[in-house]
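Taking the hints into account, I'd like the entire structure generated from these sequences.
Chains F and V, in that order, give the protein sequences.
Here the first sequence is numbered in our numbering, starting from 73 and rising by one per residue.
Here the second sequence is numbered in our numbering, starting from 30 and rising by one per residue.
It is worth saying that the hints were derived from the structure and are not from the lab.
Note that the coordinates shown come from a computational prediction; the quantities given were computed from them, not determined experimentally.
It cannot be assumed that every hint is accurate.
[Claimed, not checked] Result set (SDA-like, lysine to any residue): computed pairs, CA atoms no more than 25 Å apart in a straight line:
{"id": "1", "chain 1": "F", "residue 1": "Lys153", "chain 2": "F", "residue 2": "Arg236"}
{"id": "2", "chain 1": "V", "residue 1": "Lys167", "chain 2": "F", "residue 2": "Gln207"}
{"id": "3", "chain 1": "F", "residue 1": "Lys182", "chain 2": "V", "residue 2": "Asn216"}
{"id": "4", "chain 1": "F", "residue 1": "Lys325", "chain 2": "V", "residue 2": "Ser286"}
{"id": "5", "chain 1": "F", "residue 1": "Lys83", "chain 2": "V", "residue 2": "Leu272"}
{"id": "6", "chain 1": "F", "residue 1": "Lys325", "chain 2": "V", "residue 2": "Cys288"}
{"id": "7", "chain 1": "F", "residue 1": "Lys182", "chain 2": "V", "residue 2": "Ala168"}
{"id": "8", "chain 1": "F", "residue 1": "Lys124", "chain 2": "V", "residue 2": "Leu358"}
{"id": "9", "chain 1": "F", "residue 1": "Lys329", "chain 2": "V", "residue 2": "Asn216"}
{"id": "10", "chain 1": "F", "residue 1": "Lys180", "chain 2": "V", "residue 2": "Ala168"}
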Amino acid sequence: MKYISEFRDRKVAEKLVAEIRREAEDFREGCIRIMEVCGTHTMTIGKFGIRKILPESIRLLSGPGCPVCVTPDTYMDTAIKLSRMKDTVIATFGDMMRVPGSFSSLEKEKAEGARIEVIYSPLDAVDIADRHPGQGVILLGIGFETTVPAVALAIKRADEQKKRNFCVLSGHKLIPPAMAALLQDRDVRIDGFLCPGHVSTVIGSHPYEFIPQRYKIPCVIGGFEPVDILQSILMLVRKIARHEEPSVEIQYKRIVKSEGNIKARNIIDDIFCRTDSEWRGIGNIKDSGLAIRKRYKFLDAEKRFPVAVKRSGRRTSCICGDILKGKKTPAECRLFGRSCTPENPVGPCMVSSEGTCAAFYKYEGMR
Amino acid sequence: MKSEKILLSHGSGGRSMHSLIKNIFVKHFDSATLKELEDSAVLDISYAGSELCFTTDSYTVDPLFFPGGDIGKLAVCGTVNDISVMGAIPLFLSCGIIVEEGLETGLLERIAESMAGTARKAGVEIVTGDFKVVEKGKADRIFINTSGIGIRRRKTKTGRRLIKPGDKVIINGTIGEHELAVLSARNSFGITTGIRSDCAPLNGLIREILKASDRVRFMRDPTRGGIAATLNEIVEDSDRGILLYENEIPVTAKVSSLCEMLGFDPLYLANEGKVIVVCGSKDTCKVLTAMKKHPFGRKSAIIGEVVRDPEGKVIMETLAGSHRIVEMLSGSQLPRIC
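Encoded structure:
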């Protein structure tokens, strides 16, 4: 099991935990606050029970890095309205199916007869457009820097093939601006960042440099297996405990280069430009989203199928916003495990397999 | 067969239906009882000291043929296994088929052949059946229902209430192949995975298990919902729990890698040739040895044990040396964004 089993080795994991304990022994309970920004990290932490083997001094906070979780109601409502239009096919990743909008979900619309197809790769959506020449295929473009190049590629291909029945509803978001927004929030206290490995494959390590420079907080770009995460935590704890100069380090060296993937970034820049974007539970963040450039406007669902969506006045006691910022844990939410469950999610953090609430519910038995 | 497609008239009760049934089902199923084409099969099951086991299941799968199996094989194995895990010997099956108008007759015949072949291997006889055709669009090509009858010695007692702390949990091999084989065959991933379904009749293996020990407390085949669902069903509402050892659960590298790619967890993937056996710890060795000798049990492993605490829950000792809860699946596993 190359590249999996080595990073799930129990003996190595135990050694790393012992080392972390040694480094953190002088700290009181909950004093070292480490935020894992990425949803896949949250999943691994839950799946392998990592929270429980760490010393009490270390508190792991889950950040805003689950693309489904931060997608606002307005986006979902737009997608739902598009699915109700005649002769449209919605192409989407599976996780979006059950995300509640303000009045419905794609799963419910599908049962009502809307054409919604679950895809595994954005290029599948272009193929769907090939197969249904009489229908408008709308790809839901959701995801961070990891997913954007693949969506950009789908747009590029559709452009080259002069496809007129394909377009993308871009809800893409960028991670570093969200981290900057978190750091400007006075109530958020973070001592170290476990930066997302896959996002960094594309953007490299430079976009995080402002964090140690301006905020004096160390960052480690970590992989997704238990040994990766423990080693990343050890690297952070060492920096913090020994008061070393904060910096951006790469633990996930087998995949991430400091310069990132230039080719992938070029295709992003070719297709998309930066724009302000609304994050669910956090609000509007400047330059944190990606819109399709004007020269590809015929592939932009917002231009092709303009629909009016009201800002939802939906009020629930869901505290997803505070959870996404690492201010609260799911256990502190009144709805968690009661009226909000994976079968019946109120907030998106419970829907997505990478959502903090779903991970806590599924793996940590907190109900 | 003259006609290459199934027409509505094939289900009308007339001559064409009769010839189709004879030329496909009676021919392949090759049963003296079925050949009589009576309204019911009359069966001799007067075994002294036995009780009857009776079960039914309906099958629909897309695509109809996938690496390692097809809907016909599935329809026989599924029902055979449901009887076998009760500690019974499956004897007779029924076969109800609903076909969508326009299905290729050759395809129907291949499915019937596969059912017949699987039944022969499993030593069961398909003794009665039904065949209907519905208009195009009213069904997805073919649906199959099979019911099965088996007999069980009166003294063979299994049941989830009989499990005790210290009992071991054994599985007969690697998990997750069936669901991934079917998904790959839909060509959803655009890659060749080389994963084959584990679909198999387990009555032979289970007979060996029961021969080896009379301390088998419970057996169940972990199909939809995977081993996570089955293990949770075992302890649900009881004062027992199950502790799983993640590093002992057999998973192939192919399944493990594909799961990582898709964001799936093998614990939740359907199997069609697996059985979970809970057995008294004294007999673990005997059972495991017997299982490993059987072709469908070569990779058998002890994957956990019954514990007193936590009650009604499944927990797992993870590869990182920690513990976590194993919940039943909510909804279905959906391929993720990144």
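Quick rundown of the hints versus the structure:
Of the supplied pair hints, the one linking lysine 153 of chain F and arginine 236 of chain F holds, its CA atoms being roughly 20 Å apart against a limit of 25 Å. Using a Cα cut-off of 25 Å, the hinted pair lysine 167 of chain V and glutamine 207 of chain F holds, with the two alpha carbons roughly 24 Å apart. The suggested pairing of lysine 182 of chain F with asparagine 216 of chain V holds, with an alpha-carbon distance near 22 Å, which does not exceed 25 Å. Simply put, lysine 325 of chain F and serine 286 of chain V have alpha-carbon atoms about 20 Å apart, close enough for the 25 Å limit, and the pair holds.
Annotation: proposed proximity of lysine 83 of chain F to leucine 272 of chain V holds, straight-line Cα distance about 20 Å (limit 25 Å). A hinted pair counts as satisfied when its Cα atoms are at most 25 Å apart, and lysine 325 of chain F with cysteine 288 of chain V qualifies at roughly 23 Å. The suggested pairing of lysine 182 of chain F with alanine 168 of chain V holds, with an alpha-carbon distance near 18 Å, which does not exceed 25 Å. Using a Cα cut-off of 25 Å, the hinted pair lysine 124 of chain F and leucine 358 of chain V holds, with the two alpha carbons roughly 23 Å apart.
The hinted pair formed by lysine 329 of chain F and asparagine 216 of chain V fails the criterion: a straight-line CA distance of about 33 Å is larger than 25 Å. Restraint check for lysine 180 of chain F and alanine 168 of chain V: the C-alpha separation of about 22 Å stays at or below 25 Å, so the hint holds.
When held up to the earlier numbered hints, the structure conflicts with hint 9 and nothing else.
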